[in-house]
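Engineer: Residues per chain, in single letters:
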Amino acid sequence: MTSEPLLSVRDLRVEFSTSAGVVTAVDGASFDVRRGETVALLGESGSGKSVTAQAMLGIIPKPAGRVTGGSIEYDGRDLLALPATATRELRGREIAMVFQDPLSSLNPVFRVGAQIGEMFRKHRGASRKEARAEALELMRRVGIPAAEKRLDDYPHQFSGGMRQRVMIAMALALSPRLLIADEPTTALDVTVQAQIMDLLARLQDEEGMSLVLITHDLGVVADVADRVVLMYAGRVVEAGPIREVYEHSAHPYTAGLMGSLPAIDGPRERLTPIQGAPPDLLDLPSGCSFRPRCAFASERCADEEPVLLGAPGRPAPHSSACHHAGKVLTDAP
Amino acid sequence: MTSTDLDLTTTAVPRPATSTRGRAGSARIRFGLAVIIVYVVAAAIGPWLVRFDPVATRTQDRLKPPGSRLSDGSLAILGTDQVGQDLLAQMLQGARISIAVGLATLLLAGTIGVTVGLAAGYFGGWLDSVLMRLADIQLAFPSILLAIFIAALLGPSVVNVVIVLAVSNWVTFARVTRGQALTTRRREFVDASRTLGAGTWRLIRRCVLPACIAPVLVVATVEIGHVILAEASLSFLGLGTPASTPSWGVTIANGRNYLADAWWISTVPGIALAFLVVSLGVLGDALRDRYDPRLRSL
Amino acid sequence: MPPETTPLLQVRDLHTTFPLRSALLRRTVGHVQAVAGVSFDIPAGGTLGLVGESGSGKSTVARTIVGLEKCAAGSILFEGEDLTSLPPARMRQVRRQLQMIFQDPYASLNPRATVEQIITEAWEIHPDVVPRDRFKPEVRELLERVGLNPDHAARYPHQFSGGQRQRIGIARALALRPKLVICDEAVSALDVSVQAQVLNLLAELREDLGLAYLFIAHDLSVVRHISDQVAVMYLGRIVETASQQELFAEPVHPYTQALLSAVPDPLPWARPPRTPIIIGGDVPSPADPPSGCRFRTRCWKAQDVCATEDPALEPRLGLHPAACHFAERRTELVVG
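Protein chains in written order, with my numbering: chain A, 29 to 361; chain B, 51 to 348; chain C, -19 to 316.
Hints were generated in silico from the structure; no laboratory data involved. Do not take every clue at face value.
As a list, the in silico DMTMM-like pairs of lysine to aspartate or glutamate whose alpha-carbon atoms are at most 25 Å apart [stated by the list, open to error]: (1) C:K50 to C:D(-7); (2) A:K177 to C:D262; (3) C:K159 to C:E59; (4) C:K159 to C:D(-7); (5) A:K90 to A:E101; (6) C:K281 to C:E308; (7) A:K355 to A:E297; (8) C:K281 to A:D226; (9) A:K90 to B:D339; (10) A:K177 to A:E158; (11) A:K150 to A:E165; (12) A:K177 to C:D268; (13) C:K159 to B:D339; (14) C:K50 to B:E238; (15) C:K50 to B:D178; (16) A:K355 to A:E275; (17) C:K159 to C:D21; (18) C:K159 to C:E124; (19) C:K50 to C:D268; (20) A:K157 to A:E176; (21) A:K177 to A:E162.
Derived Cβ-Cβ restraints for the label pairs, each shown as a range [as the list claims (entries may be wrong)]: (22) A:A112 to B:R80: 36 to 42 Å; (23) C:S34 to A:T96: 37 to 43 Å; (24) C:D268 to A:P111: 49 to 55 Å; (25) C:Q77 to A:R94: 34 to 40 Å.
Beta carbons are placed, not taken as given, at the ideal position from N, Cα and C, and that holds for glycine.
The whole structure should be built from the sequences, with the hints applied where relevant.
Structural biologist: This is the structure:
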C-alpha cells in the first residue's frame, strides 16, 4: 500500500436540474481511495453516495445531471477533464462496477458465459474459444457451482446471489485496479449477502485492487472496509478508519445512525433514532444540513457551514464536519 | 432502503428525466387543442350563422366555384354543390354530424370497452380468456363487412353508424383498460383496501377505475380521429348516414361525379376532414407521450 | 409470565398453495406449496417475529391470515373463531380486528387519494366504527398518534417522505381499532435512522393500545428488537421457534444458526471473532421441495435419514421446538 492515492475526489459538485429546481446532489465531496484499500461510502437516501459513484464512472444521467465542479483524479489523471473516449477506455479496463440489481445489468438474451467472455473478446481480442475458457475460469473463481454446465445458461436461470456473482465475474474480467460496488448486497438475502461480501473481500485481497463499497448498511461493511466515508445531503460529514469512526463517532449523524441500529445481542434497549426525515435536497437548511435533526445544533451551525476537520483528540486520519465534534465525542455512551 | 438510481426519491423530487425539455409535447398539445376547438365552435354555432336547408334546391346557383356571388346576392365562400346548396353551410352542418357521431361512438365504445376491460383485467381467469378471445375475433372481422351487414339489416341511419363504429372500436378500449386493471389490482394499495374489508365493487370503483382514466382518455383522443374518418368512409360508400344528412362523407360522395368541373365539392370537405383527423392524431400522440408512454405501440 | 388464556390468534397447520400454470394454455400443471403446514399462536398484546429469507413463505402466511390469499388447508382461529369457515358477514366483522402494515411505503398508498381519504376509507367500509361527522377529528387524532402533522390530512402521499408514508400506512391500519396488526416487512424499505423511529412508534403503540403484532422481517436484529417469540421459516415451514432470548442465545437448528452467523455486525471488533457458517447453494423451488427435511440440500449435517424422514417441529435438547434430526446447541454465534 503506497501513500499516493489511486483515486482522489476533490470538491466534487454534481447538480441535477428538476422541474422543481436545481438540486445539488453532491456538494463539495472530497475523499481518497488508496491502492489496495477498501473504502465504504456510506449514506442514506439523498446522501449523494450513488451520484458520487456515477460521477466516478462518468455515468451521470444526462442532460438532467452534470458535474459542476471539482476533480476526480485517477492515477494522476483527472477523469473529468479526459475526453469521453479515454474515460470509456479506462472504465472498461481499469475501473469496474457492480450494481445493486444484477438482473437489469445483465443482457437477458445472451448466455452468461458469452457475456463474460465478451469482455475478453472486446478488450483483449481473444478468440471465441479462449474467451469461453476465461469465462469458465472466472465463474469458478467467483464460486459458481458446476460452472461448466452453467456457462450456457441465461441470466434468468440464475438466483439473485448467483447473478451477482456473474456480475462480479464480469467486473473482474480485465483485472481492474478499482472496483466500485453500488449496494452489491442490498437485494440479496442475509445468508447470500454474507457470501457475496466474503467473495468481494477475498477477491480484493487476491487481486490487490482497490474497492469502493457504496451502501446504506453500516453492518455489512464493518468486517471488510478499511476506511469509511459518510455522506449526508451531498457532503462528506465524517471519514476515517472504520473502527475508529464507528466506535468514536465525531459527527452527530454517525452517532445517530449507530444509535438507530437494533443490536443482535446484549440487552434490548429503546432505540435512539435521529429525529426528522432525510434531507429535502430542494430545501436544504443554511449552514450545516444536518442541523434540523441534530441535538447539538447551535446558532453557529445555522450561520457557518462546518468543514471537514480532524476529529479533536482522535488519531489523524479521522475527520468530521461538525462544529461540536468534541462534544459529540465526549457525550457518546 | 432499496436505493434507486438517483438516490433522490424520498425527498419527493420529481424525476429529473422529465424535466429538462419542459413537459413532453406541449406545443403539439396546444396545436391539436386549438384546431379541435375551432372545429367544435364552428360545428356548434356555425349552422346558426349560415342557415342550411337540406331540401332546398336552387338550380340557378348550381356548381358555383368558391367566392361566387349567388342569385340572392350572398357570397358562397366555398362555392355550391350540384343542387345549388352553399358548401360552407353544408360543411358546418356536416361538422356537427361528424363530431356528434365521433363522440357518441366513443362513449358507446368506451363504455363497452372499459367495462369489458375491467371485468377481464380485474377478475382474470376464464372470464378474461373468453372476453379477450372475443376481442381477437372482433379485430379479425373487417369493420366494413360488419357495416354492410348492419346497414343491410337495419338500414343506413346515424344511430346505426354509431353502433357499427362502436362495435368495431371497443376492443382498443378493452385492451388498454384490461392492461391497466391487471397491473393496478396487483398494487399494494389495492391489497391494503382489501384488508380493510373493501368489496369488489368498491375496489374497482375506487382503486382500479381511476387508474384507467388517463390511458383511456389518451386512447379516446387517438380513436376519435379514426372514428370520424370511418364515419365519412361509410357515408361515402352509402352505408353510413342517409344521403339527406349532409355529413362530410356524403358531401364528398356527392361531389364525386362532378370532380372534373366542380372539384371543390369533394375537395373542401376532404381537406376539412383530413385536417381534423390529423390534428386529433397529433393531440392523441402528444397526450400519450406525456401521460402514458407505454402505450406507444397503439 | 402472562396468565394462561386462549391466544388471540391460533394458526394451525396452515397451507397456502398457488397453481402453477403452463405458459401456453394456462392450464394448471401443478401446485407451489408456498406455506406447507405452519402453526403458531399469538397472545393478546404479544409479538411474534417471523423471520426467513425470500421464498420462505413468511409474507404468504401474512397474506393468508388477512385473507389476501386463499387458505388451502388448516385453520386460522381469531379469538376462537375460524376465519377459514366463517360466513362472509361475520368474516368482515372479525377480519377488521386484524390489520396489516405493508412493506412498500410508496406502493401501498393510493397515489390518487389524500391522507384523509386513505384513512377514512376504513370507516366508509365499516360505517359503525366512526360516524361520518367524526371523521375529521378522528383523522387528526390518528395522525397525531403516529407522529404526523394533523394539518397535513389534505395532502397526497407523494408529498411525504418514505418514513412519513409508512406512518400513514400505520394510521390506516389503526383506523379500525384492530387487536392484531401484521407488519409485513414494515420497516425494511426505510432508511436506518427512520427505521428506528418507526420501530419505536410500533413499540409505543403496542404499549398504549395493547396491540399484538405478527412482525415479519428478514432482518434478524429488527426482529430480535421487537419480538417476544420468534419463529424461523424456511421453504414454507417453521424450522425453529422459541422465545426471543432463547432463540438468539441458543439456536439449535442449522438454518437458524447459519442465519444468525450471517447477521451483519456493525461493531465486530468488540467481540471475539465469529465463525460465519456459509451455507452453499440456493433455496430450492417451492414447486419441487426436497423430500424429508426441506433444508437438507443446503445443510452441512444432512444424513440419509434427512431425505427420508421429515423432522417434526418438537422440543429438542430440552429446549424449544426445532425441526431437525441433528439439533445441536451452539452459543458462540451471537454473544449473549
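Engineer: Now tell me, hint by hint, if it's right for this structure.
Structural biologist: Tested hints:
1. Restraint check for K50 (chain C) and D(-7) (chain C): the C-alpha separation of about 14 Å stays at or below 25 Å, so the hint holds.
2. For the hint linking K177 (chain A) to D262 (chain C), the alpha-carbon distance of about 16 Å falls within 25 Å, and the restraint holds.
3. With a C-alpha separation of about 10 Å, the suggested pairing of K159 (chain C) with E59 (chain C) holds against the 25 Å cut-off.
4. Distance hint between K159 (chain C) and D(-7) (chain C) is fulfilled; the C-alpha atoms sit about 22 Å from each other, no more than 25 Å.
5. Distance hint between K90 (chain A) and E101 (chain A) is fulfilled; the C-alpha atoms sit about 21 Å from each other, no more than 25 Å.
6. A distance of roughly 10 Å separates the Cα atoms of K281 (chain C) and E308 (chain C); the hinted pair therefore holds under the 25 Å criterion.
7. With a C-alpha separation of about 23 Å, the suggested pair K355 (chain A) and E297 (chain A) falls inside the 25 Å cut-off, and the hint holds.
8. Restraint check for K281 (chain C) and D226 (chain A): the C-alpha separation of about 22 Å stays at or below 25 Å, so the hint holds.
9. Among the hinted pairs, K90 (chain A) with D339 (chain B) is consistent with the structure: their alpha-carbon atoms are about 20 Å apart, no more than 25 Å.
10. As the CA atoms of K177 (chain A) and E158 (chain A) are separated by approximately 17 Å, the hinted pair is consistent with the 25 Å bound.
11. With a C-alpha separation of about 18 Å, the suggested pair K150 (chain A) and E165 (chain A) falls inside the 25 Å cut-off, and the hint holds.
12. Straight-line distance between C-alpha atoms of K177 (chain A) and D268 (chain C) comes to about 21 Å, which keeps the hinted pair within the 25 Å bound.
13. For the given pair, K159 (chain C) sits about 47 Å from D339 (chain B) by alpha-carbon distance, which is inconsistent with the 25 Å threshold.
14. For the given pair, K50 (chain C) sits about 17 Å from E238 (chain B) by alpha-carbon distance, which is consistent with the 25 Å threshold.
15. This hinted pair checks out: K50 (chain C) and D178 (chain B) have alpha carbons roughly 20 Å apart, not beyond 25 Å.
16. Taken as a hint, the K355 (chain A) and E275 (chain A) pair is honoured in the structure, with Cα atoms around 15 Å apart against an allowance of 25 Å.
17. Our distance criterion of 25 Å between C-alpha atoms is met by K159 (chain C) and D21 (chain C), whose separation comes to about 14 Å.
18. For the hint pairing K159 (chain C) with E124 (chain C), the CA-to-CA distance comes to about 20 Å; that is within 25 Å, so the pair holds.
19. This hinted pair checks out: K50 (chain C) and D268 (chain C) have alpha carbons roughly 20 Å apart, not beyond 25 Å.
20. Straight-line distance between C-alpha atoms of K157 (chain A) and E176 (chain A) comes to about 14 Å, which keeps the hinted pair within the 25 Å bound.
21. Taking the CA atoms of K177 (chain A) and E162 (chain A), the gap is near 15 Å; set against the 25 Å cutoff, the hint holds.
22. In this structure the hint that A112 (chain A) and R80 (chain B) lie 36 to 42 Å apart at CB holds, the actual value being about 37 Å.
23. Taking 37 to 43 Å as the suggested C-beta distance range, the pair S34 (chain C) and T96 (chain A) conforms, at roughly 41 Å.
24. Evaluation of the 49 to 55 Å hint for D268 (chain C) and P111 (chain A) yields a pass: the beta carbon distance comes to about 54 Å.
25. A hinted range of 34 to 40 Å for the beta carbons of Q77 (chain C) and R94 (chain A) is inconsistent with their spacing of about 54 Å.
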